[in-house]
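Peer 1: As a plain string of letters, each chain reads:
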Amino acid sequence: MIGAQPYLADGVDLGDIVLAVSKATIAFVVLLVSVMLMVWFERKVVSRLQNRIGPNVAGPFGIFQTLADGIKLFFKEDLIPERSDPLIFKLAPYLSLVPAFLTFTIVPIAGDFNADNNGSVTIFGRETFLQVADAPVGVLLFLAMSSVGVYGIMLAGWASGSKYPLIGSVRATAQAISYEAALGLSLVSVIILSGSLSTNAIVDVQAGAGAGFLPNWHLITSAFVPFIVFVIAGTAELNRPPFDLVEAEQELVGGFHTEYSSIRFALFFLAEFMNTVTMSAIIVTLFLGGPAGPNLGLLPGWAWGFVWFFAKLLVFLFMFVWFRATLPRLRYDQLMNLGWKVLIPVSLGWLLLLSGLRLASENSAGVTELRFIDSDSFNTVVFAGLAVSIFLVATLLLSTALRDSKKNRLKEHGLVMVDGSEPINTGAS
Amino acid sequence: MEQYLPIFALLVLAVLFAAISFIASRLLSPSLSTVEKSAPYECGIIPNQEPSERFPVKFYLVAMLFVIFDIEIIFLYPWAVEYMNLGAAGYFAILLFSALVFESFIYLISKGALDWGPLQLNRNQSAIAGKPNAFSTATAGVRIVGTEGRFEHAKEVA
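Residue numbers (the working numbering), protein chains in the order written: chain A, 1 to 429; chain B, 1001 to 1158.
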């Protein structure tokens, strides 16, 4: 099933263009307002967690504080440092902001997914989904845009012609690409379960009841591990605490945007918070069923979709703020070790385990190729056993490799392991 | 391509928003640039060296390793979409593929390509390590950095 927009099945006419433009405009406004509220929410929650009051002057509960700050930034002097590369220095905020807007297009924010509904509604006599665009490659678009966003940060640091931004941006790039691998691998588990890259189809698969009283969310059907990996890698992708080495202010002043001022700084800031909102929305879409949820009456079905989506979204927005208020920043070697030596092997191993077990559980349902013995129960045992044993062998190999690298490093300093064992490949350079 | 129409619309809006912001800022903000303001940020000190054009080779290594893994992941996506239609053949194919990539990953780790930061020793090993070096805190108290030229100056004074 490829999630083509139903309303665009035959040709484009004026109505389609009007619908597309109005969807884009609504998304644009919603994003800007949500960023404004998110900044306020973060400042307010962090304040409360630190036993302060936080912004409380501009508007009721200080809700317009972000707007006031934004307007102030318009009136600030826009400096271009003398040693910078002016063209790239000016281009970088665009490269950071535009992908942040575009990522949100794939998020379904409302719709009725109960019973046989697939979340579509009828607007202007056209059947459409309540998301900006249901691209058939939705998930790939998300990954592509997060990769382009890295360019914004990297070029900003490089073009500033100053050392702190340069160090910040090199760190940011290494961090983002390290965690992107783990992010992509944990996503594959979701795609196996849903069989589609389209976000609408991914939500549709998760609608309805699962085992017992539990919902049919990928969070549960993929057994939590891909979700945990995705949340950790997502936090690192956002450069948010505890992975905010990019802008570790004690070492790097402001990180990659040290040299930016005025509206250029505001655009980076905007992109950062927009990415936080979008990442929470994508976690909700992929693992918690997005707008899928029971219809409790009073409101139309699609509106209940929005209520459920917003409730789930708030949980993750609060989680990101809570991380910031609670967790101390990682050291750089801890960051790299976590990304490469823990998250990547765990997500790859879990993917193989999950795909083996899924094959075992659905073997009777139409999978005919390559049977060992013509008996379903035997095949189930074989596949499940195979998947588990591969997982164990891979774990063993990995721990051996980790020990061996440690032994080699100790040997360079004329030392041996505590248990006295020697490295395997002593000829290593 | 029609599904991408709203995405293009949003792209145009985002670019316009950024452009209009720049224009508004240009009209509203003062322009009083001085030599001090446009110098690279350095906590009030006059910067005495160019920002380094070279950074540790480890970062390039990470970028190359990422390419390997990213390509693997890109191969996994179409496989994952069609997984339930491929059956056991698909499972064994991806096992073989993953084994090949995982094997090189194991090799990299074992060679120490992904080791960052100083070597971590426990107390016994530090005792065996003996003579203090730049990383040891056993005798020196703190690691001495950033003293280029200072001791020569001290000698001249003495």
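It should be emphasised that the hints constitute simulated quantities derived from the structure, not laboratory data.
Please read all numbers here as calculations on a predicted model, not as lab measurements.
Hints are not guaranteed to be accurate.
Stated by the list, open to error - Quick list of in silico lysine-lysine cross-link-like pairs, DSSO-like style, CA-CA up to 30 Å:
1. A:K72 with B:K1111
2. A:K411 with B:K1037
3. B:K1058 with A:K406
4. A:K341 with A:K411
5. A:K72 with A:K163
6. A:K90 with B:K1111
7. A:K341 with A:K406
8. B:K1111 with A:K411
9. A:K76 with A:K44
10. A:K90 with B:K1037
11. B:K1037 with A:K406
12. A:K90 with A:K72
13. A:K76 with B:K1111
14. B:K1037 with A:K341
15. A:K90 with A:K76
16. A:K44 with A:K72
17. A:K163 with A:K76
18. B:K1111 with B:K1058
19. B:K1037 with A:K163
20. A:K163 with A:K44
21. B:K1058 with A:K341
22. A:K411 with B:K1058
Claimed, not checked - Sample of chain B residues at the chain A side, in silico, Cβ under 10 Å:
23. A1009
24. F1022
25. S1038
26. K1058
27. G1090
28. Y1091
29. L1100
We put the beta carbon where it would ideally sit given N, CA and C, even for glycine.
Peer 1: Hint by hint, note whether the structure agrees.
Peer 2: Hint check results:
no.	hint	in the structure
1	A:K72 with B:K1111	53 Å, violated
2	A:K411 with B:K1037	51 Å, violated
3	B:K1058 with A:K406	17 Å, holds
4	A:K341 with A:K411	21 Å, holds
5	A:K72 with A:K163	28 Å, holds
6	A:K90 with B:K1111	41 Å, violated
7	A:K341 with A:K406	13 Å, holds
8	B:K1111 with A:K411	13 Å, holds
9	A:K76 with A:K44	25 Å, holds
10	A:K90 with B:K1037	18 Å, holds
11	B:K1037 with A:K406	48 Å, violated
12	A:K90 with A:K72	20 Å, holds
13	A:K76 with B:K1111	51 Å, violated
14	B:K1037 with A:K341	44 Å, violated
15	A:K90 with A:K76	16 Å, holds
16	A:K44 with A:K72	20 Å, holds
17	A:K163 with A:K76	24 Å, holds
18	B:K1111 with B:K1058	13 Å, holds
19	B:K1037 with A:K163	16 Å, holds
20	A:K163 with A:K44	33 Å, violated
21	B:K1058 with A:K341	16 Å, holds
22	A:K411 with B:K1058	21 Å, holds
23	A1009	4 Å, holds
24	F1022	6 Å, holds
25	S1038	4 Å, holds
26	K1058	8 Å, holds
27	G1090	8 Å, holds
28	Y1091	5 Å, holds
29	L1100	12 Å, violated
Checked against the numbered hints above, the structure violates hints 1, 2, 6, 11, 13, 14, 20, 29; every other hint is satisfied.
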